[in-house]
Amino acid sequence: MKLLTLFQNLPYTLLQGSTDLDITDLVYDSRKVSPGSLFVCVSGTVSDGHKYIPMALEKGAAALVVEHPVSVPEGVTVLQVENGRLALAELSAAWFGYPARALTTIAVTGTKGKTTTTYMIHDILEKAGHKAGLIGTVEIITGAERIPAEHTTPESYLIHQYLRQMVDSGCDYAIMEVSSQALKLDRTEGIQFDYGIFTNLTPDHLSPLEHASMEEYAGCKAMLFRQCRVGLFNADSDASATMMDGCTCAVQTYGIHRAANWKASAESLGRKGVNVTLLSPEQETVFVDLPGEFSAYNALAAYAVCRNLGVPADDVKKALSTVQVRGRMERLPLPNGSEIMIDYAHNAVSLESLLKALRPCVEGRMICVFGCGGNRARDRRFEMGAISARLADVTVVTSDNPRDEEPMDIIHDIETGVHNAGGACTTIPDRKEAIRWAISHAAPEDLVILAGKGHELGQEIKGVIHPMDERSLVAEVLAEGAQ
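Just remember that my numbering sits 3 ahead of the position in the sequence shown, which is counted from 1.
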């Protein structure tokens with residue numbers, strides 16, 4: 004591809020060399036450079052791509068994209084841009100032939116509900132006869148294959164690569180989880196989304212490496228609504244006003260407690276799910292096979308966007324009545340009539356939200372099995388211990404992803420949080436044995452909650468990912484005679 008073709012939508016300053024070049028590849032990882040490549044220098048929080056220019060040139064890079072002047076041999080073309088990350092996104096869109104333009108694109112942002120809402124939309128579209136791709140926390144679905152995800156929203160190059168694969172495999176829709184971090188780092192630039200959905204905003208992702216304040220966090224999420232044609236906002240979230248402030252999209256709202264374009268009521272059916280009754284602009288009752296009011300919100304958002312897309316109401320209702328999302332309130336029945344629920348709740352905010360939502364749905368006891376990840380804020384452990392002590396009936400403390408820390412150091416911190424909140428806990432470091440204990444102590448009306456791992460298929464210890472799938476652990480425990 005001609006170099007100038009890649010830069011057709013991107014301002015630049017030519018520092019040296021010629022733009023009359025054929026580019027063989029677009030690369031932002033110097034280890035992947037091959038002769039004739041265009042190497043984009045991205046300044047990250049951990050590493051600066053400009054440091055790897057010598058390696059890129061040694062491997063045969065024909066041109067460089069930089070944020071500041073660099074000293075390189077005269078024969079190398081160097082183009083300066085203001086923002087390397089934004090440039091990578093725009094160049095990637097061009098490199099893959101602007102695949103988003105051939106798809107109807109739907110983006111979902113918010114603290115909670117992104118994964119479930121995207122899967123609901125994906126299932127509705129697929130069951131209505133469409134072919135849809137998905138990019139999210141659990142996996143990437145290209146229409147030809149399913150790829151385990153490493154990040155909620157991948158780097159821009161990968162986004163456009165996946166979108167191109169979706170187009171080539173015959174998809175007509177792409178649904179994407181868009182994190183605040185992705186918006187902050189320009190990963191979704193080069194895409195004009197057809198629909199954007201805002202779910203909610205709660206204190207989360209506040210750290211030196213993510214967002215310095217709630218204001219910055221909200222501001223990053225609001226960027227999506229200057230990058231889409233139609234925005235659907237949760238009317239019951241106070242943060243929706245911030246999301247709409249300065250937005251350039253058409254506005255629709257959905258909600259249960261406040262006035263909204265898509266207005267509904269919700270009736271809990273306990274652990275069996277929830278009935279969502281549409282009051283306007285349509286009158287429909289939708290059964291959602293997931294418990295809790297937040298499932299009603301996710302379903303309402305999915306219903307609204309799919310009806311906007313022209314999907315018949317009966318097709319939407321049918322899909323939502325059987326929806327299940329891996330690692331998001333994923334239910335596994337136990338032989339005695341009790342149930343296990345696997346969820347990704349891995350911090351204080353998400354664990355509190357989960358337990359509060361499930362409390363009205365459980366006739367017996369909530370048995371909460373969880374740990375905390377290592378190399379993360381230590382306060383999270385005390386907070387999660389206190390939340391489980393306060394909201395669950397039985398707390399079982401185990402190991403999560405200890406990473407580079409000693410598992411028992413993490414566990415002792417959780418225990419401190421439990422005890423400081425006036426609670427008690429059972430400590431079983433081995434996660435399989437913790438699950439065995441919970442299952443063997445569960446009465447028919449109880450709910451066993453396995454929190455923190457969710458969709459994950461491994462446990463990280465000292466830099467090594469060891470296979471661990473909680474579904475397999477449960478199956479093993481049951482096969483070995485628990486209950």
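Since the hints were derived computationally from the structure, they do not count as laboratory data.
Keep in mind it's a predicted model, so treat the numbers as computed, not measured.
Among the hints, a few may not be true.
[As the list claims (entries may be wrong)] Cross-link-like lysine-lysine pairs, in silico, DSS-like; alpha carbons within 27 Å at most:
hint : residue 1 : residue 2
1    : Lys130    : Lys187
2    : Lys54     : Lys35
3    : Lys62     : Lys130
4    : Lys359    : Lys275
5    : Lys5      : Lys35
6    : Lys54     : Lys130
7    : Lys134    : Lys359
8    : Lys465    : Lys435
9    : Lys54     : Lys266
10   : Lys62     : Lys35
11   : Lys359    : Lys465
12   : Lys130    : Lys5
13   : Lys320    : Lys134
14   : Lys35     : Lys187
15   : Lys130    : Lys320
16   : Lys187    : Lys266
17   : Lys266    : Lys320
18   : Lys5      : Lys54
19   : Lys62     : Lys134
20   : Lys130    : Lys359
Do the hints match the structure? See the list:
no.: 1; hint: Lys130 - Lys187; in the structure: 34 Å, violated
no.: 2; hint: Lys54 - Lys35; in the structure: 15 Å, holds
no.: 3; hint: Lys62 - Lys130; in the structure: 47 Å, violated
no.: 4; hint: Lys359 - Lys275; in the structure: 16 Å, holds
no.: 5; hint: Lys5 - Lys35; in the structure: 20 Å, holds
no.: 6; hint: Lys54 - Lys130; in the structure: 49 Å, violated
no.: 7; hint: Lys134 - Lys359; in the structure: 36 Å, violated
no.: 8; hint: Lys465 - Lys435; in the structure: 19 Å, holds
no.: 9; hint: Lys54 - Lys266; in the structure: 53 Å, violated
no.: 10; hint: Lys62 - Lys35; in the structure: 9 Å, holds
no.: 11; hint: Lys359 - Lys465; in the structure: 34 Å, violated
no.: 12; hint: Lys130 - Lys5; in the structure: 41 Å, violated
no.: 13; hint: Lys320 - Lys134; in the structure: 18 Å, holds
no.: 14; hint: Lys35 - Lys187; in the structure: 25 Å, holds
no.: 15; hint: Lys130 - Lys320; in the structure: 11 Å, holds
no.: 16; hint: Lys187 - Lys266; in the structure: 32 Å, violated
no.: 17; hint: Lys266 - Lys320; in the structure: 16 Å, holds
no.: 18; hint: Lys5 - Lys54; in the structure: 26 Å, holds
no.: 19; hint: Lys62 - Lys134; in the structure: 40 Å, violated
no.: 20; hint: Lys130 - Lys359; in the structure: 32 Å, violated
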